[in-house]
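**Student:** So the chains spell out like this:
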Amino acid sequence: DQQVKQNSPSLSVQEGRISILNCDYTNSMFDYFLWYKKYPAEGPTFLISISSIKDKNEDGRFTVFLNKSAKHLSLHIVPSQPGDSAVYFCAASENNDMRFGAGTRLTVKP
Amino acid sequence: DTGVSQDPRHKITKRGQNVTFRCDPISEHNRLYWYRQTLGQGPEFLTYFQNEAQLEKSRLLSDRFSAERPKGSFSTLEIQRTEQGDSAMYLCASSLGPVGVMRGYTFGSGTRLTVV
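If you're matching them up, the sequences are chains A and B in order.
No gaps in the numbering here: position 68 of the first sequence is 72 in the working numbering, and each next residue is one more.
No gaps in the numbering here: position 32 of the second sequence is 1194 in the working numbering, and each next residue is one more.
A hint or two may mislead.
Straight-line alpha carbon distances no greater than 35 Å define the calculated DSBU-like cross-link-like pairs of lysine-lysine that follow [to be verified]:
| id | chain 1 | residue 1 | chain 2 | residue 2 |
| --- | --- | --- | --- | --- |
| 1 | A | Lys-9 | A | Lys-72 |
| 2 | B | Lys-1219 | A | Lys-60 |
| 3 | B | Lys-1219 | A | Lys-9 |
A short, non-exhaustive set of chain B residues, derived as facing chain A with CB atoms under 8 Å [stated by the list, open to error]:
| id | residue |
| --- | --- |
| 4 | Pro-1170 |
| 5 | Gly-1178 |
| 6 | Phe-1207 |
| 7 | Pro-1232 |
| 8 | Ala-1250 |
| 9 | Tyr-1267 |
| 10 | Gly-1270 |
| 11 | Ser-1271 |
Treat the hints as calculated values from the structure; they're not laboratory data.
Here a beta-carbon is modelled for each residue, glycine too, at the ideal position from N, C-alpha and C.
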C-alpha cells in the first residue's frame, strides 16, 4: 500500500527559477513530513521537515508547505541551482514508522 | 565521526548463497534502521533497533532475513539463501531519538546487492 506518492518521476527547471516538487499521502495519522535529497551512489540526505501541526517551514532556499485537508505537501526551491539536481524523496512518519515516496528526479539547467 | 558507514558498498553473489552486511551508525545515535530500495522506488522499511533491542520488523523481512545489533552499536543484516528478487540497495540509517522538526534520519551510502 503506497501511503506516500510522488506522481511526477521527473522535473526540469531553469537555473534561477522556482522548483516545486509535490507529494500526496493517504494516512491522516502521519505526524511529521520530511524531504530527502539523493545524489547517485550516495544515501538520501535529510533536507527539511515539517510537523503536522504546521503549514509551512522555511530553511534558506527551501520551503515546505503542508495542506492537511488535501493531504498534500510540496517543496519549493527558490532560486534553483544546478547543484540542486538530484532525486528528491518525500517521506512521512507516524510514530517513527517512516514511509517514502518513489522520488522525483529534479534537473536544474544552467 | 564521519556519519553512517556501510560495508561492503557492492556485493555480487550467486543465488542460494548467504550474505551479510554491516552498518556502523553515528556513535551517539541510539536508533538504527534498515531500509531496502529497488530501482525506481523509494526506500522501504525493513527493521528498526533502539539500542540493542529490535523493536519493529516489516512484513518485507522474510524468515531468510535476520538483523542484529548485539551491543547497541554496529548492526548486521544477513540474508540467507539469496534469491534474485533480493537484488536491491540496502540502506542503513541512524537517529538520536525520534523524528522531529529539522531532524531526520542520517543514511549511509548503502550496500548494493546483486544476486546472479
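**Student:** Does each hint fit the structure? Answer for all of them.
**Tutor:** Evaluation of the provided hints:
1. This hinted pair checks out: Lys-9(A) and Lys-72(A) have alpha carbons roughly 15 Å apart, not beyond 35 Å.
2. Between Lys-1219(B) and Lys-60(A) the CA atoms are separated by roughly 33 Å; this keeps the pair inside 35 Å, and the hint holds.
3. For the hint pairing Lys-1219(B) with Lys-9(A), the CA-to-CA distance comes to about 22 Å; that is within 35 Å, so the pair holds.
4. Checking Pro-1170(B) against chain A: minimum C-beta separation of about 13 Å lies over 8 Å; hint violated.
5. Interface restraint check: Gly-1178(B) against chain A, minimum CB-CB distance 28 Å, threshold 8 Å, status violated.
6. Interface hint status for Phe-1207(B): upheld, as the beta-carbon distance to the closest one in chain A is roughly 7 Å, under 8 Å.
7. The closest approach between the C-beta of Pro-1232(B) and any C-beta of chain A is roughly 22 Å, which is over the 8 Å cut-off, so the hint fails.
8. With 8 Å as the threshold, the beta carbon of Ala-1250(B) stays out of range of chain A, its nearest partner Cβ sitting at about 14 Å, so the hint is violated.
9. With 8 Å as the threshold, the beta carbon of Tyr-1267(B) comes within range of chain A, its nearest partner Cβ sitting at about 7 Å, so the hint holds.
10. Contact between Gly-1270(B) and chain A, as hinted, is supported at the beta carbon level, the nearest pair being about 5 Å apart and thus within 8 Å.
11. Taking 8 Å as the C-beta contact cut-off toward chain A, the hint placing Ser-1271(B) at the interface holds, the least distance being around 5 Å.
Of the hints listed earlier, those the structure fails to meet are numbers 4, 5, 7, 8, in rising order.
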